[in-house]
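K.L.:
So the chains spell out like this:
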Amino acid sequence: MQIYQSENLKVYDLVSRYGYLLDQDRLEEWVELFSAESSYKVISRENESLELPAAMIWCDNKHMIQDRIASYRNVNEYNLHWPRHIIGLPLIEKRNASGSMTVVSSYSLFQTDLEGQTRLFSTGRYEFEVLPQSNGFLLGHVLVVADTGLIQTLLAAPI
Amino acid sequence: MQIYQSENLKVYDLVSRYGYLLDQDRLEEWVELFSAESSYKVISRENESLELPAAMIWCDNKHMIQDRIASYRNVNEYNLHWPRHIIGLPLIEKRNASGSMTVVSSYSLFQTDLEGQTRLFSTGRYEFEVLPQSNGFLLGHVLVVADTGLIQTLLAAPI
Amino acid sequence: MQIYQSENLKVYDLVSRYGYLLDQDRLEEWVELFSAESSYKVISRENESLELPAAMIWCDNKHMIQDRIASYRNVNEYNLHWPRHIIGLPLIEKRNASGSMTVVSSYSLFQTDLEGQTRLFSTGRYEFEVLPQSNGFLLGHVLVVADTGLIQTLLAAPI
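Residue numbers (my numbering), protein chains in the order written: chain A, 17 to 175; chain B, 17 to 175; chain C, 17 to 175.
Treat each hint with caution, since some may be false.
No copy is singled out in the list; a pair is fine if it fits within one copy or between any two copies.
[To be verified] No farther apart than 30 Å at their CA atoms in a straight line, the calculated lysine-lysine pairs in the DSS-like style are these:
id	residue 1	residue 2
1	Lys-57	Lys-78
2	Lys-26	Lys-110
3	Lys-78	Lys-26
4	Lys-78	Lys-110
Quick caveat, the hints were computed from the structure, so don't treat them as lab data.
Note that the structure is predicted; figures quoted are calculated from it, not measured.
Sequences are here, hints too, so could you generate the full structure?
P.N.:
The following block contains the structure:
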């Protein structure tokens with residue numbers, strides 16, 4: 017029971033840190049939430065329901081996630097908007113035999129432009145594979161299922 | 017203290033599961049979060065503040081909740097939109113002498129149509145009666161107070 | 017470990033209560049979440065990024081917070097809208113040597129008018145200084161960084 021409780025709070029810490037680092041534009045630290053064996057994929061809910069393989073973002077390993085952040089930094093010299101993630105309470109949906117957990121969470125993502133106008137950018141859900149480490153938890157495979165139709169672009173910030 | 021902590025995390029689990037099952041269209045499993053002695057009522061904040069009795073949805077017992085889901089399934093053969101609940105951190109507002117708890121939580125509910133357009137559908141608050149069971153927690157009387165004016169319809173999905 | 021867990025849940029309790037009391041228009045109780053040594057400041061993200069000192073609301077001590085609520089009550093005899101805070105999972109970002117904690121949390125704030133129309137009013141982040149007390153936690157210095165441009169007015173409700 018003790019261990020069970022501790023796990024929940026560590027999952028909450030990881031998920032809230034995920035959103036906080038993105039919103040603070042600390043993308044290089046965000047990447048470090050991912051374990052060496054990880055991936056990051058964004059698909060649309062429509063494609064998920066049709067079982068279509070097309071992804072909006074697909075980074076198959078941690079190096080690809082790092083590369084994507086580096087490209088994003090090079091292209092977007094100045095921030096054109098501020099993101100804001102409101103992430104719902106994470107649900108530990110499954111505890112896998114390997115010791116990893118499947119954690120799901122809803123999100124709403126807003127963007128504010130430099131005039132101070134805020135708009136809804138995307139809603140959807142996260143499916144986080146959470147991997148226990150000797151010192152806290154890290155992310156394994158991360159799937160983002162976006163309800164909202166998004167423009168596919170290399171320039172986009174991670175969700 | 018140990019028991020107190022465990023209670024909080026079980027409440028969080030129940031509330032996050034509530035939103036997750038609705039968003040995944042797993043409505044039959046959502047009904048099973050309710051105990052045998054339960055109810056589900058949706059009222060507007062305006063009617064609450066005027067102390068008017070009119071409800072938008074009123075299921076006085078679990079059978080009525082089940083019936084409502086069955087009707088909804090019959091009428092809505094295909095999903096015309098995807099819901100997305102972002103539920104704020106639950107607050108255990110009261111621990112009742114009977115052992116039950118009154119838990120309140122804010123929500124924002126978005127809908128995405130088949131074109132991938134997302135709009136805000138409703139905001140409001142939940143008042144959950146949470147009932148300890150031998151194996152986890154279940155819902156007793158659930159009151160949804162919707163800030164947003166809603167069209168009263170038998171076809172509506174639960175909030 | 018036991019103490020660590022307990023701290024997290026008390027922080028969650030405090031933050032969820034913060035939003036609940038504001039949304040329920042229980043502003044006088046909201047003030048009592050602040051310790052004797054506290055402050056409440058709202059700034060825009062633009063000013064934060066430019067390191068400009070201008071604040072939208074600046075209450076330098078608890079008496080000023082109390083005064084502001086009293087003024088708000090005098091001017092706004094009737095509620096013209098209902099607020100709704102959806103506060104994301106709090107992140108304990110730092111544990112300070114003094115025993116206090118720095119806790120950050122994203123928010124989305126909606127307003128519903130008397131016609132039942134809901135609109136997004138503001139998104140942003142909280143930076144809460146959380147002070148352990150003999151009986152639970154209280155707020156010290158609270159900084160609200162609003163992404164959304166807001167009209168500066170003495171009549172505004174706290175965020």
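K.L.:
Next step is simple, just say for each hint if it's right about the structure.
P.N.:
Here's how the hints hold up against the structure:
{"no.": "1", "hint": "Lys-57 <-> Lys-78", "in the structure": "within (12 Å within a copy, 39 Å between copies)"}
{"no.": "2", "hint": "Lys-26 <-> Lys-110", "in the structure": "both (15 Å within a copy, 15 Å between copies)"}
{"no.": "3", "hint": "Lys-78 <-> Lys-26", "in the structure": "within (22 Å within a copy, 34 Å between copies)"}
{"no.": "4", "hint": "Lys-78 <-> Lys-110", "in the structure": "both (23 Å within a copy, 27 Å between copies)"}
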